[in-house]
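Visitor: Quick note, the sequences are listed as chains A and B, same order. Quick note: the first sequence uses my numbering, first residue 1, plus one each step. Quick note: the second sequence uses my numbering, first residue 1, plus one each step.
Think of the hints as simulated: they come from the structure by calculation, not from any bench. Using N, Cα and C, we set each Cβ at its ideal position, and we do this for glycine too.
Pairs of lysine-lysine, DSBU-like flavour, derived with a Cα cap of 30 Å: (1) A/K74 to A/K37; (2) B/K373 to B/K383; (3) B/K243 to A/K4; (4) A/K5 to B/K243.
Not the full set, but computed from the structure, chain B residues with beta-carbon under 8 Å of chain A: (5) A96; (6) P192; (7) L204.
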Amino acid sequence: MTDKKYACRISRSEPGPGDGGRTGSWRVLRPVIDLEKCIPAKRNKAACFNCWLYCPDGVITRTIPPTIDYEYCKGCEICAEECPVGAITMVEETVYIKEEK
Amino acid sequence: MHVIEAGNVAAANGVKLARAQVVAAYPITPQTPLTEKLSEFVDSGQMDAEYIPVESEHSALSVCIAASSAGTRAFTATSANGLLYMSEQLHWAAGARLPIVMCVVNRGIGAPWTVWNDQQDAISQRDDGWIQLFACDHQQIIDTVIQAFAIAETVSIPVMVCYDGYLLSHTYMPFDIPERDAVDAFLPEFSPEYALNPAAPCNLNTVTLPDIRPDVRGNTAPGYMEIRHNLHTDMRDALDVIKTVDQKFYDTFGRGGNCYLEPYQCENAEYIAVCMGSLSYQLRDVVDVLREEGLNIGVCGLRVHRPFPDEAVREAFGGAKGIIVMEKALSYGYEGALYTDIKAALYHCDNRPFIHNYILGLGGREIKTQQLKDALHQSCTAKIAPEDMPQWIGLKL
Numbered sequence: 001m002t003d004k005k006y007a008c009r010i011s012r013s014e015p016g017p018g019d020g021g022r023t024g025s026w027r028v029l030r031p032v033i034d035l036e037k038c039i040p041a042k043r044n045k046a047a048c049f050n051c052w053l054y055c056p057d058g059v060i061t062r063t064i065p066p067t068i069d070y071e072y073c074k075g076c077e078i079c080a081e082e083c084p085v086g087a088i089t090m091v092e093e094t095v096y097i098k099e100e101k
Numbered sequence: 001m002h003v004i005e006a007g008n009v010a011a012a013n014g015v016k017l018a019r020a021q022v023v024a025a026y027p028i029t030p031q032t033p034l035t036e037k038l039s040e041f042v043d044s045g046q047m048d049a050e051y052i053p054v055e056s057e058h059s060a061l062s063v064c065i066a067a068s069s070a071g072t073r074a075f076t077a078t079s080a081n082g083l084l085y086m087s088e089q090l091h092w093a094a095g096a097r098l099p100i101v102m103c104v105v106n107r108g109i110g111a112p113w114t115v116w117n118d119q120q121d122a123i124s125q126r127d128d129g130w131i132q133l134f135a136c137d138h139q140q141i142i143d144t145v146i147q148a149f150a151i152a153e154t155v156s157i158p159v160m161v162c163y164d165g166y167l168l169s170h171t172y173m174p175f176d177i178p179e180r181d182a183v184d185a186f187l188p189e190f191s192p193e194y195a196l197n198p199a200a201p202c203n204l205n206t207v208t209l210p211d212i213r214p215d216v217r218g219n220t221a222p223g224y225m226e227i228r229h230n231l232h233t234d235m236r237d238a239l240d241v242i243k244t245v246d247q248k249f250y251d252t253f254g255r256g257g258n259c260y261l262e263p264y265q266c267e268n269a270e271y272i273a274v275c276m277g278s279l280s281y282q283l284r285d286v287v288d289v290l291r292e293e294g295l296n297i298g299v300c301g302l303r304v305h306r307p308f309p310d311e312a313v314r315e316a317f318g319g320a321k322g323i324i325v326m327e328k329a330l331s332y333g334y335e336g337a338l339y340t341d342i343k344a345a346l347y348h349c350d351n352r353p354f355i356h357n358y359i360l361g362l363g364g365r366e367i368k369t370q371q372l373k374d375a376l377h378q379s380c381t382a383k384i385a386p387e388d389m390p391q392w393i394g395l396k397l
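Using the sequences and the hints given, assemble the complete structure.
Guide: Structure (structure tokens):
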């Protein structure tokens with residue numbers, strides 16, 4: 001039987017937002033979901049959720065509609081690539097910086 | 001039950017009694033009869049295990065890594081180039097802290113191609129992070145295999161059980177197969193603290209950053225260096241675990257009691273020959289003859305190679321006049337690796353004995369008793385300069 005002292009002496013991590021740390025200000029492109037196109041949002045029932053499934057940082061919720069946590073999103077574009085209806089577009093962060101100003 | 005069987009059969013019976021649940025192995029001489037026996041046990045229903053045939057040794061250990069990660073007791077076995085083909089996964093299994101047990105049936109490494117015995121295969125994998133135990137006879141093979149699972153599972157570190165190819169694997173010798181109930185009491189079911197579980201998904205051993213960091217729950221996750229440090233300190237702790245397991249084995253089965261070193265005629269001996277594996281039993285005959293001739297000499301077989309039992313080495317050899325290390329392997333460009341280790345351990349003694357090194361039996365070169373006798377006699381009576389180490393026995397240049 002494994003002695004408790006020697007249990008889990010390895011690198012072990014769980015999926016969830018922020019495992020790679022907060023993004024900060026370096027994200028160049030921000031994924032934005034168009035709810036007119038998004039299948040679960042449009043049909044108001046659980047559907048593809050490819051964005052949730054593929055997000056490597058676990059920042060997209062499996063909800064109707066799906067939401068993105070920009071605090072941790074790295075802007076990798078995988079969700080936009082995987083969305084079957086092209087509902088996610090990558091928008092230049094500079095647009096939002098101007099807005100905030 | 002007393003039987004007369006080959007060393008590979010002794011190992012297979014140990015694995016059967018330990019109730020290994022997954023066996024994955026690729027046949028390689030001289031390990032082949034061991035895996036054949038295990039597949040026979042599984043096929044006939046004598047062993048309740050999954051036998052997974054694979055296309056290579058790399059895959060064999062990969063299967064064991066997956067099986068062990070899923071919380072099952074996994075076993076594999078190999079020799080020589082098969083062990084080297086596993087090399088990447090050997091490091092992985094140790095870093096992932098998976099208590100896999102593997103028999104290494106010692107054989108020389110190609111090139112040039114050889115199938116005969118030496119110990120270069122295991123020695124070349126010394127720094128993988130595996131515990132390495134060496135058996136001297138068939139009884140020790142079966143007993144050590146059973147103990148290996150207990151040691152591995154306690155400290156979450158994989159264990160190699162090494163024994164000499166042909167000299168032990170293919171020769172027949174009487175040994176006792178312990179009773180199933182007694183082994184079950186000695187070795188309880190494998191119950192790891194963490195195992196792969198679809199209900200609680202997690203990442204195991206993914207990219208680990210140089211520094212520590214908070215995980216998703218806000219707890220501090222160790223960095224690469226912390227994990228490696230823990231493997232080292234746990235390996236050192238394993239010395240105590242090896243002793244405890246050996247004591248428990250002795251209490252249950254009445255065998256064992258020399259967990260690190262197996263001395264023969266070493267009490268107050270002025271000179272001690274040191275080696276690993278079956279050679280130490282051959283040397284017993286030589287020691288008997290030399291003692292009759294008036295040399296106060298003993299022989300000591302080293303059972304545990306990693307973690308290195310340095311304190312036990314100092315205790316056993318520190319009072320001697322001379323130590324003669326005989327090895328079937330070497331670190332090319334320097335000397336025998338065991339010689340280096342023993343020298344380093346003895347550095348901390350007040351009165352250091354002289355220490356000699358002999359390389360012998362590479363690629364199955366026959367080791368004659370007379371040669372051993374001459375070598376030991378030379379070491380005990382003549383001065384050999386350190387720069388003349390290692391000496392070679394049976395070399396025909």
